[in-house]
Amino acid sequence: MKKLTINDSTTSWQLADKIREISGENINTCMQCGTCSAVCPMFQQSGSPPRLVMALAQLGLEDQLADQRIYKVCASCLYCGVRCPRGIDVPRVMEALRQITLRQNIDMIHPAQIPEADMRELPTIALVAAFRKLTA
Amino acid sequence: MATSYYPGCTLKTKARNLEVAALESASVLGLELVELPRWNCCGAVYSLADDNLLNLLAPVRVLIRALEQGNDKLVTICSMCYNTLARANRMMREDLEKRHTINGFMDEEPDYAGEIQVVHYLDFLRDELGWAELRKRVTNPLQGLKVAPYYGCTLTRPYEISLDPRPEAPTIMSDFLEALGATPTDFPHSTTCCGSYQVLADPQSALASAENVLGSAISSSADILALSCPLCEYNLGLRQRDLPTDIPTIFFSQLLAMALGLGADLCHFELNQVNTRKLLRERDFPLP
Ligand code: SF4
Ligand code: SF4
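From first to last, the protein sequence lines are chains C and R.
Mapping the first sequence onto this note's numbering, position 57 (from 1) lands on 57, and the numbers just tick up by one.
Mapping the second sequence onto this note's numbering, position 208 (from 1) lands on 208, and the numbers just tick up by one.
Watch out, some of these pointers could steer you wrong.
As the list claims (entries may be wrong) - Selected chain C positions facing chain R (in silico; Cβ < 10 Å):
#	residue
1	S23
2	M42
3	Q45
4	K72
5	Q99
6	V128
7	R132
8	K133
9	A136
Claimed, not checked - Which chain C residues face chain R? A few, computed with CB under 8 Å, are given here:
#	residue
10	S46
11	V73
12	A96
These aren't lab readings, by the way, just hints derived from the structure by calculation.
All C-beta atoms in this analysis are idealised placements derived from N, C-alpha and C, irrespective of residue type, glycine included.
Work out the full structure: start from the sequences and follow the hints.
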């Protein structure tokens with residue numbers, strides 16, 4: 001298991017505040033039960049559990065959060081949000097993390113790299129949804 | 001009285017089969033749907049960021065167009081449009097501060113406060129006609145066809161906008177299928193995500209989720225999977241070519257049109273997958 005170092009130099013309370021502000025959710029009430037990870041359809045493949053992201057977000061552990069993939073591969077399916085026993089709208093936390101990345105002008109997909117054949121086959125809603133969620 | 005209808009972008013292009021079958025069926029059932037004379041893309045997804053109201057302008061504009069028509073309802077067919085519009089509508093109804101900001105920003109538009117009710121076509125059928133009446137109107141019951149009802153994410157989550165009063169175990173699609181004479185086969189992953197727009201960014205993860213849904217539908221011994229979303233049709237239908245599963249997919253509206261005895265040309269089966277057309281041929285459903 002990777003060691004977590006929690007001290008003033010690893011913790012960004014500003015980041016934790018930003019996540020709270022953009023998501024509108026009180027991330028501190030997460031009790032680490034793991035229900036969100038259990039229902040998440042994107043956790044297995046990505047190997048990045050929503051539960052861990054909640055813990056890292058509470059502590060504002062910027063570097064560790066940057067290593068997590070779940071908020072980038074999250075499909076906004078809302079399953080974790082309806083199941084969280086603490087009533088946290090977890091998908092909004094994922095959105096906040098995406099927004100923090102996108103607002104630094106870092107895109108998570110690059111339209112020019114989508115193969116032309118896919119572009120021709122994809123339904124419009126797929127393109128609009130992906131560009132809305134994953135590009136700055 | 002005619003009810004306003006919002007198609008959205010995809011029903012005019014890739015998913016004409018979803019739209020045409022639904023509209024023709026409505027007209028046979030005496031339910032008059034009139035497309036909004038002017039509309040824009042709803043944005044496909046609802047913004048979950050508390051400080052981003054910009055993405056709400058598109059769906060709210062659509063709702064204002066509907067209000068201008070003087071109806072109290074707006075019917076949608078595409079699941080993603082339904083979700084985005086219904087949530088934007090709730091927000092305008094319930095969040096006074098955001099409503100005030102949005103109305104103030106769109107000063108060229110009339111003020112909107114969530115007066116319209118956004119309903120999905122299945123809701124509309126249930127409430128305007130009812131399943132018992134629909135059963136009576138079916139001329140070509142889909143006897144012996146085992147159909148897996150797939151809701152995906154957007155028809156039941158968040159629970160506040162669920163089509164079904166029991167979002168954890170919805171039955172609206174099964175009730176609909178039963179009225180058509182088909183045999184619904186409930187399956188555990190009927191509300192699991194198909195992978196959605198992540199098929200663009202991370203196809204491996206998205207298709208793993210799709211495979212999960214398809215495997216679950218196959219285990220329920222379904223002949224075919226019923227859908228209401230063009231993106232689900234892409235992930236679960238077309239992209240099955242990248243997966244080991246092989247189960248046909250069809251839009252719920254096409255099943256409705258078939259049960260009402262409408263011609264196959266109105267269902268645009270040419271836009272469905274090869275395995276779907278093969279199954280329909282085997283079941284003696286005349287294809288053009
Ligand atoms: S389900 Fe809720 S309380 Fe449990 S770990 Fe996830 S966010 Fe925390
Ligand atoms: S909303 Fe995102 S994080 Fe939550 S269960 Fe769905 S894919 Fe996983």
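For each hint, the structure was consulted:
1. S23: Holds: closest Cβ of chain R sits about 7 Å from S23 of chain C, inside 10 Å.
2. M42: Constraint on M42 of chain C satisfied, holds at 5 Å.
3. Q45: Holds - the Cβ of Q45 of chain C comes within 10 Å of chain R, reaching about 4 Å at its closest.
4. K72: holds (7 Å)
5. Q99: Hint on Q99 of chain C: holds, closest Cβ of chain R at ~5 Å, below 10 Å.
6. V128: It holds, given that the least Cβ distance between V128 of chain C and chain R is near 4 Å, below 10 Å.
7. R132: Cβ of R132 of chain C sits 5 Å from chain R, so the hint holds.
8. K133: Result: holds, 6 Å to nearest chain R Cβ.
9. A136: With Cβ-Cβ at 12 Å, over 10 Å, it is violated.
10. S46: holds (6 Å)
11. V73: holds (5 Å)
12. A96: holds (7 Å)
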